[in-house]
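**Student:** Following the hints, position chain S against chain G.
Protein chains: 2
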Amino acid sequence: MRDVAVIGIGMNEQWGELWEKSIRDIFVEAALNAINDAGVDKIDSMYIGCMSGGLFVGQEHLSSIMADYLGYGNIPATRVESACASGGLAFRQAYIEVASGMSDIVLAGGVEKMLDVDGAAATYALSTAADQEYECFHGITFPGLYAMIAKAHMHKYGTTREQLAHVSVKNHKNGSKNHRAQFQFETTLDGVINSVLVADPLTIMDCSPVTDGGAAVILCPLDLAKKKFKNHEIIKVIGTGHATDTIALHDRKDLTWLTAVELSGKKAFEMAEKKPSDINLCEVHDCFSIAEICVTEALGFFEPGKGGPAVESGFTSIGGKIPVNTSGGLKSKGHPVGATGIAQIIEITEQLRGDSGERQVKNAKVGMAQNMGGSGGSSVCHILEVN
Amino acid sequence: MRDVAVIGIGMNEQWGELWEKSIRDIFVEAALNAINDAGVDKIDSMYIGCMSGGLFVGQEHLSSIMADYLGYGNIPATRVESACASGGLAFRQAYIEVASGMSDIVLAGGVEKMLDVDGAAATYALSTAADQEYECFHGITFPGLYAMIAKAHMHKYGTTREQLAHVSVKNHKNGSKNHRAQFQFETTLDGVINSVLVADPLTIMDCSPVTDGGAAVILCPLDLAKKKFKNHEIIKVIGTGHATDTIALHDRKDLTWLTAVELSGKKAFEMAEKKPSDINLCEVHDCFSIAEICVTEALGFFEPGKGGPAVESGFTSIGGKIPVNTSGGLKSKGHPVGATGIAQIIEITEQLRGDSGERQVKNAKVGMAQNMGGSGGSSVCHILEVN
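So the sequence lines, in the order shown, correspond to chains G and S.
Numbering-wise (my numbering), the first sequence opens with residue 1 and increments by one.
Numbering-wise (my numbering), the second sequence opens with residue 1001 and increments by one.
Read the hints as simulated data drawn from the structure, not as lab findings.
These numbers were taken from a predicted model, which means no experiment stands behind them.
Errors might be hidden in some of the hints.
[As the list claims (entries may be wrong)] Covered stretches of chain G, going by a simulated chain S footprint (3 or more residues, C-beta under 8 Å):
hint, segment
1, 49 to 58
2, 74 to 83
[As the list claims (entries may be wrong)] Each pair of labels, with its calculated beta carbon distance range:
hint, chain 1, residue 1, chain 2, residue 2, range
3, G, Glu-20, S, Gln-1014, 44 to 52 Å
4, G, Gly-305, S, Gly-1073, 25 to 33 Å
5, G, Glu-20, S, Ser-1313, 21 to 29 Å
6, G, Asp-355, S, Asn-1387, 47 to 55 Å
7, G, Lys-42, S, Ser-1313, 37 to 45 Å
8, G, Leu-224, S, Lys-1266, 21 to 29 Å
9, G, Asp-41, S, Glu-1273, 27 to 35 Å
10, S, Asp-1003, G, Asp-3, 21 to 29 Å
11, S, Ala-1120, G, Asp-118, 45 to 53 Å
12, G, Gly-71, S, Pro-1276, 24 to 32 Å
13, S, Gly-1191, G, Leu-224, 26 to 34 Å
14, S, Asp-1041, G, Asp-223, 34 to 42 Å
15, S, His-1138, G, Gly-71, 21 to 29 Å
16, G, Asp-254, S, Glu-1186, 53 to 61 Å
[Said to hold, decoys possible] As a list, the in silico DSS-like pairs of lysine-lysine whose alpha-carbon atoms are at most 25 Å apart:
hint, chain 1, residue 1, chain 2, residue 2
17, S, Lys-1266, G, Lys-42
18, G, Lys-267, S, Lys-1042
19, G, Lys-274, G, Lys-236
By construction, the Cβ of each residue, glycine as well, lies at the ideal position given by its N, Cα and C atoms.
Bound conformation, chain G alone:
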C-alpha cells in the first residue's frame, strides 16, 4: 500500500445555524475551500460522511447530488454512514482508495444539516444511531444513554460532577479561540453545573449541540504531494483503525469501557508504530462530557478511572501533557454529525502545519483523531504526522 498525505483542508466560515444554505451549499462550500487549499485542479473520486440526510433533510443519494453540485465531472462518489463516526469513516475509505493505488486525488468530506427539523425530530433522527428495537422503542435517547455511562463511571471510579464539567469548560475555552466554532464563548464550572438539566447528571452544557456544517480534506499519495503540492507542510497519514462494538449499551460487560475505541486506537497505534505518549495532541469525540473522559481512558492516555482527574489537573488543556480537543471539540465547535470526523482531521492538520494561532500546541509533530458512532458502537481513529 502507498503512503498517503493530507494536502488540503476546508470548512464553512462558521458552523452553526446556516438557515440560508441547503445541505448541498454547505458541503460544496467546504469542499471548494479544501480544493483551493490543496491547489488541485481535479478530483478522481470522493467520499461523503453523512449520518441521516433522509431524516434531517429528506435527501439521500448524497453521492450523486454532491458530485453533481461540486462540478468536477462525473466522478465516483460514495456516501458512508456510521452515525456520528461517518466523517472519520469517509476519511478512512478515502485513505484506503489512495493507498490501494486505485485513485490519486481523493476528497473526503462530511456534512449534516440538522436544524431544518424541530427538536423532537432531531432527537428522533439522532436516536437511530442506537438500537431502535431494544433501546429507542422503550424511550431512551442519547443524553440518557450517556448519563447512564456517566453514573456508572462516577460509581465505579469516583469521577465527580466537577470533573465532567471541566471537560466543557476546557473545550469552550479552546473553542473561544476558533473562529469557525458555533459557540465561541467561555464558560465556568458553575455555568455548566447549573445549566438546564437534560439527563442526570448531564446538563445542557455537558451536551454537544445540533449544528449545520460541512468539512472536507484532500488526500493524495505522499510521493505526489512531495513533488507537486507544496503549498503547505506535508502531513502524512501514519495510522488508521476502525472497530465496532455492541450497538446497545446493555449488551456491554462494563458500561464505562468503550471497546470499539480501545480496539480502533490500538490498530492505529500499531500501524503508526506509536504509543499514546508519542501523541502531541488528540481530537476526541466529546458528544457528551463523559464521552471525552471515557475515550481518553480507552485510548490509553490515562488509566481506567483517571480520565476525570486528568482533565481536572489540566493534563488535557493546551500546554498540558496531552492537549485534547484544541478545536473546542464537538461541544464548542459544534457537531454536524457527518462532518465532525473530517473537522477533527482538519484541526490536527492545521496544528501540525503550525497554523492554529492562539490555539497552537507547541512542537506538535504527531496528532490523533478519534471519531465515534452512537454510544460507542463504532469508532474510527487516525494518526497524522508532519512528514
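**Tutor:** Below, chain S alone, put in the same frame as chain G:
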C-alpha cells in the same frame, strides 16, 4: 493491487414480505448463508449497502448493529449509500479493501426492509434518491421520472409500448424459475399493458416492487481463494467501474442517455480488457422496464435506440445473444434497494459456477452486473470471470 475472487454467496430463502423478520434478521440470515457457502471461519471487515434505514425502519448506524448481530467480533463495518446502487457500491468498496492489501476476508452485503411503512411513506423514502429541492418538492416521484425517460425514448427512437412490456415479460419468465424471487409467475404483453396505470406509459407491471430482503457475498485475494477455498469454481473480479451524473433529470442534455451507466461500464470494460461482445450475460438495473432498455444501450450492448427492438427480438432472453436479467431482475426477483446490487453479483457468480439450474446460460464464462441509483445519478458496474 491484488487480484480478488468471490468465494461465497448468500441470500434469504425468498425475498418478499418478510413480516416476521426485522432488518437485522434479514441481513444476518443472508450474511450467514454467504459465510457458510464460502466456508470461512472469520471475517476481517464488512460493507453494508442500505439506502434508507432511517426512513424505512428508523435505524441508522447499520455498521454497528449488523456487525454486532452477525457475531463475528468487533470487526470494522462500513455502511455505504448511493440510493438503489448502494449494494453495488458496497461490493466495490469491499473489492478495493481486499485489492489494497488491507484485509483478506471481506463480506459485502446489502439489505432493505421496505414494507414496515405504508405506500406513501415508501414512495417518499424512495424519492429521497432524486433531487429534493428541484424535483420532489414539486411533486415528481420515480415512476414519473422514468415515465418521462420512456416518453422521450419513444419520441426519439420510436420505441413501442410493446417493447417496454417485453422487458417485464422476459424478466418474469426468468424469475418464474428463481426460487428466491418475490414474484415467481409469468406474465404476457397484455398482462403488462393492461395492468393499472402508474405514470403514462408505465403500468404497475413496468415497475419493480417494494421488497424486504438481504444479500451477501464473501471476497478474498485470488491467491488465497486458490489455496484455501475450493468449495466452488473460483470467480475472479476482473473489472469495476463507478460514475455519477446529474441527480436531476432536467439537467441532462438527453433524457434517454444514462451517462453514469456509460462511464461506469467503460471503466469496467477497460479494466477487464473486455468489450460488450465478450460478455455472456448481464444483470442490469430494471427498476422500470424503460431502464433496462436504456442501460443495455448505455453499456454498448446495442446502438442507441436499438434496446427496444433487441428485447422484442429475444436478443436479451436466455439463449439470446446477451441474456439480460436471468435472475428475473428487479421486476420479478424484487428490489430491496440496498440488497439489489449484491444479488446481481450473486446471480452472475451462480451462473459462472454453472449452478443456475433451469435459468443456466450455456458456457457462461464472463458476466457483468450494473447497479444504478436514482434516475441514473450514479452507476456501478462489475465484470466477473471464471478463473
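**Student:** Can you list which hints this structure breaks, lowest number first?
**Tutor:** 5, 11, 13
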